[in-house]
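Each chain is listed here by its residues.
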Amino acid sequence: MTDITSQTEAALAAIAAAASLDALEAERLETLGKKGWVSLALKTLGGMSPEERTAAAPAIQSTRAAIAEALDAKKAALEAAALEEQLARETVDLTLPAQAAPKGSVHPVSQVMDELAEIFADLGFAVATGPEIEDDWHNFTALNMDETHPARAMHDTFYFPDRTPEEREVLLRTHTSPVQVRTMIAAAKSSPGGAPVRIIAPGRVYRSDSDATHTPMFHQIEGLVIDRDIHLGHLKWTLETFLKAFFERDDIVLRLRPSYFPFTEPSVEVDVGYANENGRRVVGGSGDAPGHAWMELLGSGMVNARVLEMGGFDPAEWQGFAFGVGVDRLAMLKYGMNDLRAFFDGDPRWLAHYGFSPFDQPTLSAGVGART
Amino acid sequence: MKFSLTWLKDYLDTTASVAEICDALNAIGLEVEGVEDPAEKLAGFRIAHVLTAARHPDADKLQVLTVDTGDGQPLQVVCGAPNARAGMKGVLGLPGATVPANGMVLKKSAIRGVESNGMMCSTRELELGDDHDGIIELPDDAPVGTAFADYNGSDPVIEVAVTPNRPDCMGVYGIARDLAAKGLGALKPISMPAFTSEGACPVEIRTDDVEGCPAFYGRVVKAVTNGTSPDWLQARLKSAGQRPISLIVDLTNYLMLGFGRPAHAYDLAKLSGAVVARRANDGEQVLALNEKTYTLDAEMMVIADDHGVHDIAGIMGGEHSGVSETTTDVLLEIAYFDPARIGATGRKLGLSSDARTRFERGVDPEFLDQGLDLLTGLIVELAGGTPSEIVRAGSPPSAAKVVTFDPDLTTRLGGVDVAEAEQKRILESLGFTVSADWQVTCPLRRNDIEGPADLVEEVVRIHGLDKVASLALPRVEGVARPTATPQQKLERGLRRAAAASGLNEAVTWSFLPEWAANHFSDGNDTPWVLANPISEDMKAMRPALLPGLLMAAKRNADRGAASSRLFEIGRRYFRGAGGLSDEKPTLGIVLAGEKSPRGWQGGKAKLFDAFDAKALALSLLEAAGAPVANLMVMGEASAQFHPGQSATLRLGPKVVLARFGMVHPATLKAFDVDGPIAAVELFLDAIPAKKGAAFARPGFTPPALQAVTRDFAFLVPATLAAGDLVRSVQGADKAFITGVRVFDVFQGQGVPEGHKSVAVEVTLQPGEASFKDADLKAIAEKVVAAAAKLGGELR
Chain E
1 MTDITSQTEA
11 ALAAIAAAAS
21 LDALEAERLE
31 TLGKKGWVSL
41 ALKTLGGMSP
51 EERTAAAPAI
61 QSTRAAIAEA
71 LDAKKAALEA
81 AALEEQLARE
91 TVDLTLPAQA
101 APKGSVHPVS
111 QVMDELAEIF
121 ADLGFAVATG
131 PEIEDDWHNF
141 TALNMDETHP
151 ARAMHDTFYF
161 PDRTPEEREV
171 LLRTHTSPVQ
181 VRTMIAAAKS
191 SPGGAPVRII
201 APGRVYRSDS
211 DATHTPMFHQ
221 IEGLVIDRDI
231 HLGHLKWTLE
241 TFLKAFFERD
251 DIVLRLRPSY
261 FPFTEPSVEV
271 DVGYANENGR
281 RVVGGSGDAP
291 GHAWMELLGS
301 GMVNARVLEM
311 GGFDPAEWQG
321 FAFGVGVDRL
331 AMLKYGMNDL
341 RAFFDGDPRW
351 LAHYGFSPFD
361 QPTLSAGVGA
371 RT
Chain R
373 MKFSLTWLKD
383 YLDTTASVAE
393 ICDALNAIGL
403 EVEGVEDPAE
413 KLAGFRIAHV
423 LTAARHPDAD
433 KLQVLTVDTG
443 DGQPLQVVCG
453 APNARAGMKG
463 VLGLPGATVP
473 ANGMVLKKSA
483 IRGVESNGMM
493 CSTRELELGD
503 DHDGIIELPD
513 DAPVGTAFAD
523 YNGSDPVIEV
533 AVTPNRPDCM
543 GVYGIARDLA
553 AKGLGALKPI
563 SMPAFTSEGA
573 CPVEIRTDDV
583 EGCPAFYGRV
593 VKAVTNGTSP
603 DWLQARLKSA
613 GQRPISLIVD
623 LTNYLMLGFG
633 RPAHAYDLAK
643 LSGAVVARRA
653 NDGEQVLALN
663 EKTYTLDAEM
673 MVIADDHGVH
683 DIAGIMGGEH
693 SGVSETTTDV
703 LLEIAYFDPA
713 RIGATGRKLG
723 LSSDARTRFE
733 RGVDPEFLDQ
743 GLDLLTGLIV
753 ELAGGTPSEI
763 VRAGSPPSAA
773 KVVTFDPDLT
783 TRLGGVDVAE
793 AEQKRILESL
803 GFTVSADWQV
813 TCPLRRNDIE
823 GPADLVEEVV
833 RIHGLDKVAS
843 LALPRVEGVA
853 RPTATPQQKL
863 ERGLRRAAAA
873 SGLNEAVTWS
883 FLPEWAANHF
893 SDGNDTPWVL
903 ANPISEDMKA
913 MRPALLPGLL
923 MAAKRNADRG
933 AASSRLFEIG
943 RRYFRGAGGL
953 SDEKPTLGIV
963 LAGEKSPRGW
973 QGGKAKLFDA
983 FDAKALALSL
993 LEAAGAPVAN
1003 LMVMGEASAQ
1013 FHPGQSATLR
1023 LGPKVVLARF
1033 GMVHPATLKA
1043 FDVDGPIAAV
1053 ELFLDAIPAK
1063 KGAAFARPGF
1073 TPPALQAVTR
1083 DFAFLVPATL
1093 AAGDLVRSVQ
1103 GADKAFITGV
1113 RVFDVFQGQG
1123 VPEGHKSVAV
1133 EVTLQPGEAS
1143 FKDADLKAIA
1153 EKVVAAAAKL
1163 GGELR
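Chains as they are written, first to last, in this note's numbering: chain E, 1 to 372; chain R, 373 to 1167.
Check before you lean on any hint, since a few could be wrong.
With beta-carbon atoms standing in for the labels, derived distance ranges [said to hold, decoys possible]:
no. : chain 1 : residue 1 : chain 2 : residue 2 : range
1   : R       : N1002     : E       : S357      : 25 to 35 Å
2   : R       : A1141     : E       : Q86       : 35 to 45 Å
3   : R       : K594      : E       : A212      : 51 to 61 Å
4   : R       : G836      : E       : R281      : 25 to 35 Å
5   : E       : G33       : R       : A1141     : 43 to 53 Å
Just so you know, the hints here were simulated from the structure itself, not pulled from any lab data. Glycine included, every Cβ here is placed at the ideal spot set by N, Cα and C.
Work out the full structure: start from the sequences and follow the hints.
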């Protein structure tokens, strides 16, 4: 008995002293392994008489249990220590920089065009396009500016030396209005005499003009609504609704002033009230309110009967309105840029600052504007 | 148009304030561009009484004055004017006031050691005249202490923008008429100075070009005394921004600015024979009043006599026959010219003038006799002389336009209800005649009126656009449909996909320097080149998006940017069928500089390579819905790309969806930018549109059995494109091979010369039953056979 007791104590001490899982395994084989002395001792029980077995078994079995428990405990302890050591070894300095994925951006002009498309889609306006290299018939004549019209000279037009087969002058469109003409002609083709039209036409336009506030290329958006009973009141509502939605303000106040455009009659210039806040123009409120003023924002009017005619529409049946507004200008007013020339420079610093996350997709439900 | 309030009130009987007048002008379509109020300019200047004047102790030319400004506390002022003396009254600028002529802010100061509390001013300093010989001397009864602006008469000047359709408002009288219609007062009749004419006009007047000059009237006034204009006339011209020249010239300008009626005065002594309006002879020259010589052609009109051309008709008088201080006899000309001809001549000569602006828009054909009489009467009254009778050649247009008007149209088109009586009142106050059945006769000066819509505009602008109420557009019936075209949706999607890939969207000019456009043209297509570019750098329309982006990348590099990852979506401009343009929507990408900076993990900075371009091209094409798996990588990206590191992505052999790769070193050199630079162009019009009309997708259940992979390494000729091997292997067993991926390419030890080892991982997807060894073996044999067709040998 003393033999097994001292043997057990020695084994437990060896287990406790095992420095590694390998040493522990060797100890396990020594004791509980197939040929381990505990296993062998257990085997001897089979050859004993019941009396001998009753006397010897408890000691052997408790030895086996004690050693098994010690082995498990030591194994867990050794594994925990090993993990601890592994974790310590794997520790990194997380203040070191991670490699950043480059951040892209959407240009403010594109963003604002998407916003406008969203706002006008809600009002049932489709998006129409046309060529930028135009002929003078679509850009001028069909808009009631014949060859001798003084307004032609006021357009600072870029011309090409080329001529169309019809001997028309070829030019860079000075406004998005030729898209009106093309839209009407296309509509009249499928339904002679005219049909309801509701479009916006965004795009690049060109004027031979370059200074602090003008660039030879800029962006416009044109609106055209034709139906049987459209009048100035609808124009006013449409402009108010669009500007309120665009600036996300209920207090947009418009001032309509009579003006002159050859392609509309009556013609209306539209001012919007604003206030100067910290050196920036902030749209909202009446221009007549204290601290406020009016700023010219866009030109519009009822489509001239001659323009309807040239577009293949019967002016006795159809009437409508058109408007045109600078997209770059709208972007500057809403998002606070002050230098138009920077729009076209491609400087990543500017693009990162004034550009938009690709996930700022304008939607009606999430809001068409992207706030800072 | 600029005019003073006083001038306006010559014609408009009104008590309205400047602010009210400006509001009304804006409301009726005469946009106020500015109001200049002399009272503001003269703030801080007061009438002062010089009490004492003594010699400055240290300066011979200076005096020390004590002046009273009415508050009983005389101020000491140092003054250099020779006429400054005790007892006189003048104008004192107090500290804080700004001298209008030079913007100097007055301060209390010491002049040569003597304190000075302001400045006694000359007329030039206050911009009231040219006199600078001494300080202003006011009459003895001038009220001391009063603000000088109040005493001098504050006459604000209003500047309005007159739209080109309103030549009738190119004179102050026309503006007064519009304001009267708006209810701001009563229009006064034109006051005509009386005179008697004696005898027929001694000069023969003729128009030999009745189309260009339908009417040419003249009159001689003999024995005039040309001199300086009276103050009232000078003040009016100055308010309009015109420099007074001499009485006769000033009066013709007064007629033009006051009544929109240009006229011309010739020195009779310098004329010889008949004075004729005719076409110019080709090459004929004239020295105009601006001292420049113009060469004319037969489309232009001139006024000439026996000796030659005196005047570019309707645009500018000649230097030789104009009136001068010594002129005694004058021939007055008043004519009606064809507006289109004047406009064309002015544009061709690049010559603008106040006369041209009015003639090309159309002067009032009914104001020839009256205008000439008004001018004559004023000359006789102010310069004396004896006028002849008028001689008339031709006659101005006289057919008045009659518009059949329905007053309901004001509501239907203008969106505002205006009572018929009020509509009639408005039209009549503007000079229209309205019959009982609404036949509206237009005054001839209103050549802008074309039809009923113009009359609606007249009514609405006078009634007030502010009275137009907003009315909602009716909603289009039915289910809302997408309002963007597939192409627009494609562009929107690609824009956000490109930005999400880490690229910054740029917008660059559509035009390029011609050399840059030529550099990117493929020889068959000549770029569109502007006839009148704004500069050489903006001359030709871009045939590719890359040049603009390369130039941006260069600017960025020059500013020290480590990298530029730019994209742009825009059009390339080509020549299309029938001389028209063919504008192709395109997405361009330029990757310049460092792909990633040097780092603690990666070591050296990495530059962009052709595979960065390929990855972007494919991922964006996939975002665009292109069948990426079916695309072929082929050569011929174009001459601007590195021939060995560029390719096209094609759908079939002919449809090129994209080109990508490294920019050619010669192109980098041409654009003076450092490489390497990777670039991509996606040709958006070539990307097939999605055809599916339904929302529901084809049915799909993920396979129940797991896919297995097998690796194969082949020895292939070094020239074999890996893509060809992959495509061949992919096609070896279409039923089970779902993927082939190259995972290793090796040349060197163990690989024979002229060969390379390409290792591929083939993914096999079992169908209903798991693969058996025999199945796998059969597939492997097919794979090896497929590679063998291309000269591949299993290693």
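These are the hints, each one checked on the structure:
| no. | hint | in the structure |
| --- | --- | --- |
| 1 | R:N1002 with E:S357: 25 to 35 Å | holds, 33 Å |
| 2 | R:A1141 with E:Q86: 35 to 45 Å | holds, 44 Å |
| 3 | R:K594 with E:A212: 51 to 61 Å | holds, 55 Å |
| 4 | R:G836 with E:R281: 25 to 35 Å | holds, 26 Å |
| 5 | E:G33 with R:A1141: 43 to 53 Å | holds, 46 Å |
In summary, the structure agrees with every hint in the numbered list given earlier.
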